[in-house]
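Trainee: Sequence:
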Amino acid sequence: MVEGRESRRVESGPVRAPHVSYRMDDAIALLAEPGTLAVFGFDDRAAGSADPRLLRVPLETFDTSAPCELWQVDGPVEHGRDGALRWSIGGGWLFAALELDERAHGGPAGAARVAYAQLRDFIRGHEQQQVLRIWNYQGAINRGEGDAERYKLFCDGRAEGCGDWFAAGYPAATAIGHHGDPHLLQVYLLASARTGTAVENPRQTSAWRYPRQYGRTSPGFARAMRLPAEDALAISGTAAVVGHASAHEGDTVAQLDEILLNLEALLASAGMPAGFDTHAPLKAYIRHPIDAPRVRAKLQQRLPGVPVLLLHGDVCRSELLVELDGWRYA
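If you read the sequence shown in this note's numbering, its first letter stands for residue -14, the second for the next number, and so on.
In short, the hints are calculated from the structure, not lab data.
Be aware that one or more of the hints could be misleading.
What the hints assert, rightly or not - Simulated restraints, written as ranges between beta carbons of each label pair:
(1) Glu249 <-> Asp132: 20 to 26 Å
(2) Gly228 <-> Ile13: 42 to 48 Å
(3) Ser191 <-> Glu215: 17 to 23 Å
(4) Asp149 <-> Asp86: 39 to 45 Å
Every residue gets a Cβ at the ideal spot worked out from N, C-alpha and C, and that includes glycine.
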């Protein structure tokens, strides 16, 4: 075990992308496997360990028994804590995560500001300074009206906490509302010593160019990120947005069809072959539990054999009913 601020040497060239998979194995057993950078649990199997690599994501699954999400890298992994921040490093990759109680920081904006400032300062103490992918889970994401909506306040605070952190370009990202502790903000990320290639979708306005109607502060993320070795694409949360407008309000299946069109356009923009295979893990975030069977059936029809984890989560716009993100390997 080493101190969280110690600088480490990494390989000079791009390293292979982390292997992301869904596994039904016990979380503790997964932590013991070689090269485990992080394990994410969506049920009680994420409890019972102090290992900082094990993180419980506050999203319920629509499956009777939920798998764990496993990140594995080539090489040994070190891990530890820096105050409330948990981290692991191995194979040229860095995982870091923070969980904050918004009440301790004045609300959604303050919590986001503190979380991103702490992550920024931590990352700057390591060679793995290129943040490629971020996940944000916020309680009651759509509560509030106008600029006081909680997600819009989160965007304000995130921008303040980042400062000039992403002046050279945004990472891929997801922001979803959870139904756990309403005061919990969870943020985690994946970083490397090498830059990736941000990918935009020609069917969608870049998020940082959204007009004022979506809040004082535009969301700061790329639609996807091609990892440094060009062997994987990290796909941001993708909803039924065309241009900057939400499509098919009130129709979950039509929104899902639009999402699949967006994903194909994103793959083409990244220079990757069309379609997803059995090694491309995806997540589907579904607002209303009653829609889960229809989403599952549609995805099984359109993406046969693709591992998809169905989660109860709210999309950042209240009219959007479903969102997908995940990984596509070259």
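Trainee: Against the structure, test the hints numbered earlier, and report the numbers of the ones violated in rising order.
Mentor: Hints 1 and 4 are the ones this structure does not satisfy, whereas the remaining hints hold.
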